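Participant: Position in the sequence shown (first residue = 1) + 1219 = my numbering.
These aren't lab readings, by the way, just hints derived from the structure by calculation.
Each hint should be verified, as a subset may be incorrect.
[To be verified] In the DSSO-like style, the derived pairs of lysine-lysine whose C-alpha atoms are separated by at most 27 Å in a straight line are:
1. Lys1240 - Lys1270
2. Lys1318 - Lys1267
3. Lys1284 - Lys1267
4. Lys1310 - Lys1284
5. Lys1289 - Lys1240
6. Lys1256 - Lys1289
7. Lys1289 - Lys1321
8. Lys1267 - Lys1313
9. Lys1256 - Lys1267
10. Lys1289 - Lys1301
11. Lys1301 - Lys1321
12. Lys1301 - Lys1279
13. Lys1313 - Lys1262
14. Lys1321 - Lys1310
15. Lys1240 - Lys1318
16. Lys1262 - Lys1318
17. Lys1301 - Lys1267
18. Lys1256 - Lys1301
19. Lys1270 - Lys1321
20. Lys1262 - Lys1289
[Claimed, not checked] Across the chosen pairs, the derived CB separations fall in these ranges:
21. Lys1240 - Gly1327: 19 to 29 Å
22. Pro1287 - Cys1322: 32 to 42 Å
23. Lys1321 - Met1242: 18 to 28 Å
24. Lys1321 - Asp1286: 17 to 27 Å
25. Thr1294 - Lys1240: 34 to 44 Å
26. Glu1257 - Thr1294: 29 to 39 Å
27. Thr1278 - Asn1326: 24 to 34 Å
28. Asn1326 - Ser1288: 34 to 44 Å
29. Leu1292 - Lys1318: 22 to 32 Å
Here the structure is a predicted model, which is why all the values come from computation and not from measurement.
C-beta atoms are modelled at their ideal positions from N, C-alpha and C, and glycine is treated no differently.
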Amino acid sequence: MKTITLSLFFVLFSTISFGQKSMTSQIQTNAQCGDCKERIEGKLNYTKGIKFAELDDQTKIVTVKYDPSKIELLTIKQTIAKIGYDADDVKADKEDVEKLPKCCQPNGHE
């Protein structure tokens, strides 16, 4: 009986530990072009905990699928901001924006 109880415990624990669901979130950015898309997707898709990131350059929305046990949504937004783009309510620092090519800075395509 003790063996069965212990076995059930390990099965339940494994399901809880390894059965983490991915989360999908959409983040509004101020990206402007294909270069912005490559820059954001390139960084996010190689960030630990992120399974998939894609920027729709028409709507400027990044769809991110991630493992919330490895990375928080706020951290993802801060990563986008550190690249030089606003991410919902997380604004990019002026210094990070200025590191972007002139065409990718706000109003760069006007």
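Participant: Regarding the pair Lys1270 and Lys1321, is the alpha-carbon distance no greater than 27 Å?
Facilitator: Outside the cut-off at roughly 30 Å; violated.
Participant: Tell me if the straight-line CA distance from Lys1262 to Lys1318 falls inside 27 Å.
Facilitator: holds, 15 Å
Participant: Range hint 24 to 34 Å: satisfied by the CB atoms of Thr1278 and Asn1326?
Facilitator: violated, 18 Å
Participant: Tell me if the straight-line CA distance from Lys1301 to Lys1279 falls inside 27 Å.
Facilitator: Holds - the C-alpha atoms of Lys1279 and Lys1301 are around 17 Å apart, at most 27 Å.
Participant: Does the alpha-carbon distance linking Lys1267 and Lys1313 stay inside the 27 Å limit?
Facilitator: It holds: about 26 Å lies between the C-alpha atoms, which stays within 27 Å.
Participant: Would you mind confirming whether the straight-line C-alpha gap from Lys1321 to Lys1310 stays at or under 27 Å?
Facilitator: Distance ~18 Å between Lys1321 and Lys1310 Cα, so the pair holds.
Participant: For the pair Lys1321 and Asp1286, does the Cβ-Cβ distance stay inside 17 to 27 Å?
Facilitator: violated, 36 Å
Participant: Does the structure keep Lys1256 and Lys1301 at a Cα separation of 27 Å or less?
Facilitator: holds, 15 Å
Participant: Cβ-Cβ distance between Glu1257 and Thr1294: within 29 to 39 Å?
Facilitator: violated, 21 Å
Participant: Compare the distance between the alpha carbons of Lys1313 and Lys1262 with 27 Å, and conclude whether the hinted pair is satisfied.
Facilitator: holds, 19 Å
Participant: Need the status of pair Lys1289, Lys1301: alpha-carbon distance at most 27 Å?
Facilitator: Distance of about 19 Å is within 27 Å: holds.
Participant: Does the hinted range 18 to 28 Å hold for Lys1321 and Met1242 at CB?
Facilitator: violated, 35 Å
When the structure is compared with the earlier hints, violations turn up for hints 7, 15, 19, 21, 23, 24, 25, 26, 27 and for no others.
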